[in-house]
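**Q** Sequence:
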Amino acid sequence: MRSIYVLGIGLLLIASQNVVAQVDAYKKLREINREAEVKILKSLQKRITIKFDNQPLSKVISRLATEAGISMVVSRIDLEDDGIDTESPITAQFTDIPIERALNRVISRFGMTWLIDNQVLVVTTEIANEKQLFARSYDVETLLAIARKEHKKSKASTSTPEAPGGGFFQIGDQAGMGTGAGLAGGNIPAPTPEEFLIQTVINHIERSVWIETEGTGGSMNLTDNVLVVWQTHQSQRLVASLIEQLTKACERGAEKAPVLVKEQFYPHNEDTAIIQKLTSVRSDFSYDKRPLAEVVADIRTRLKSEVILDQIALEEEGIQTDVPVTFNAKQVTLSSVLRHALKPLGMTYRIDSGALVLTTEVVEEERLETSIYPIQYYPQLSGSDLVDTILINTTRLWVDLTGTGGTITNFFGRALIVTNTQELHREVKHVIESVATKHKPAGKPATKKFVRRSFSLTDFAARNRPRNTQGAYRDPMMEARAAIQLTVETKSWQGNQPGKLLIVGDLIIVENTEDVLKKVDEFVRRHLKGMPN
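Count along the sequence shown from 1, add 42, and you get the number used in my numbering.
I should point out that these hints are in silico values taken from the structure, not numbers from a laboratory.
In silico EDC-like pairs for lysine to aspartate or glutamate, Cα to Cα no more than 16 Å straight-line:
id : residue 1 : residue 2
1  : 385       : 407
2  : 191       : 293
3  : 542       : 430
4  : 490       : 531
5  : 490       : 557
6  : 191       : 237
7  : 346       : 138
8  : 561       : 531
9  : 571       : 501
10 : 84        : 305
11 : 533       : 557
12 : 542       : 531
13 : 491       : 556
14 : 490       : 556
15 : 346       : 312
16 : 471       : 297
17 : 542       : 563
18 : 101       : 129
19 : 304       : 248
20 : 191       : 236
21 : 173       : 256
22 : 194       : 236
23 : 88        : 138
24 : 385       : 465
25 : 84        : 109
26 : 194       : 237
27 : 93        : 109
28 : 346       : 313
29 : 88        : 109
30 : 290       : 183
31 : 298       : 475
Every value quoted in this text rests on a predicted model; they were computed, and no experiment measured them.
Kindly generate the complete structure, drawing on both the sequences and the hints.
**A** This is the structure:
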């Protein structure tokens with residue numbers, strides 16, 4: 043009996059040792075994989091000048107792998123499932139750019155992407171990539187400390203810890219605890235600090251699928267100030283950047299300039315250089331029915347940077363590269379040329395990975411990116427007030443108001459996190475700069491009693507569709523809003539407690555005093571022939 047007991051103990055010890063050995067082995071493997079990933083990412087930053095003339099896609103990928111000195115495989119099964127031929131011909135020329143950028147330029151046109159798995163770079167399809175989830179952990183102690191501190195303040199100042207409601211564009215007070223506007227008003231139970239942080243990540247990692255919102259995809263959980271995330275390789279790179287940049291923005295002495303949330307090694311400096319060229323250099327331009335392709339070539343010469351014409355997007359909208367462009371102006375910036383010359387064609391531009399990309403408005407509406415705006419330097423204006431100002435003075439839709447568009451989060455008065463198009467980000471930056479230079483603390487005036495009403499301008503909008511008049515793009519709904527602001531009690535839309543106007547489709551939503559609303563109603567009926575809802 044004793045021998046059996048001793049044997050049992052021995053077997054348990056052996057089993058325990060085996061488990062420990064397996065855990066150590068997996069830990070070691072994770073370290074090896076992580077080291078290999080870092081090495082691959084660094085290798086992809088090697089700059090190359092290379093030209094491909096009608097080369098098969100598979101050979102182009104193989105050549106880039108050789109140039110980087112890394113192991114790279116193509117998931118042919120995934121490509122075949124998506125109807126992608128690895129023998130598709132590629133013609134491209136790259137001059138002094140990182141291999142990662144060249145790879146992205148080549149494969150993105152096919153709806154492909156890449157990931158790093160077990161020490162190898164795998165080229166696959168975007169659809170297949172969504173199923174390849176990896177676990178990563180992130181230290182969020184600093185962010186949680188801020189969230190818990192402000193949540194405690196919020197609970198102490200209210201009888202019930204609920205998120206503010208009833209405001210026209212209320213996102214949450216300076217203590218945070220709210221990420222979206224609530225047109226319906228009402229009290230909404232405040233999330234816990236942990237829930238708030240998780241929701242912030244979900245809201246601002248673009249092009250990612252989450253179980254919490256879609257019922258499938260990645261997921262997150264918090265344990266002892268560590269955020270564990272299951273997501274795709276590319277999404278993990280964005281999560282890492284979001285947490286790092288948000289933490290920096292919340293620290294005392296943080297930079298005032300907004301920071302674009304992008305993966306490690308993203309060429310921020312190259313993007314900045316392009317922006318400076320677009321906005322600072324003035325020249326004369328004379329395009330008289332010149333083909334679009336020639337205009338693009340001229341812009342490329344003037345800019346002296348990479349300029350990409352998104353031909354796939356143009357083809358989808360039926361825009362030919364020989365479509366005539368007419369624009370004549372003296373001493374204007376390239377940004378002005380791009381806006382006025384492209385707008386009549388239904389085109390716009392964005393700056394991406396050190397290049398100027400000319401694409402369609404339809405495509406650009408779907409391409410959202412995230413920036414973090416430090417706001418701790420403006421204590422005279424609470425985070426929620428600043429959000430209100432941004433929503434009122436920008437022209438794009440917001441998901442919390444209309445179910446589509448961008449998202450905005452006030453992170454406890456320390457930073458605003460904004461996800462929207464590049465054009466919207468330019469507007470947000472302008473609004474914040476205006477607030478920083480013009481807003482001054484003042485005695486708090488008596489609170490105005492505001493009411494809200496929406497006016498349908500469907501007939502007006504149908505009669506006055508967006509149009510190009512003498513080189514200027516005119517939107518009837520924007521003109522209607524401007525007419526109300528300039529005609530009906532002008533001062534009521536200004537000052538410390540301004541009335542508010544928001545365009546949502548063919549609706550104009552108005553918040554102001556009852557007296558002003560009556561005058562708006564009369565103006566709309568007389569001049570715009572709209573009916574209040």
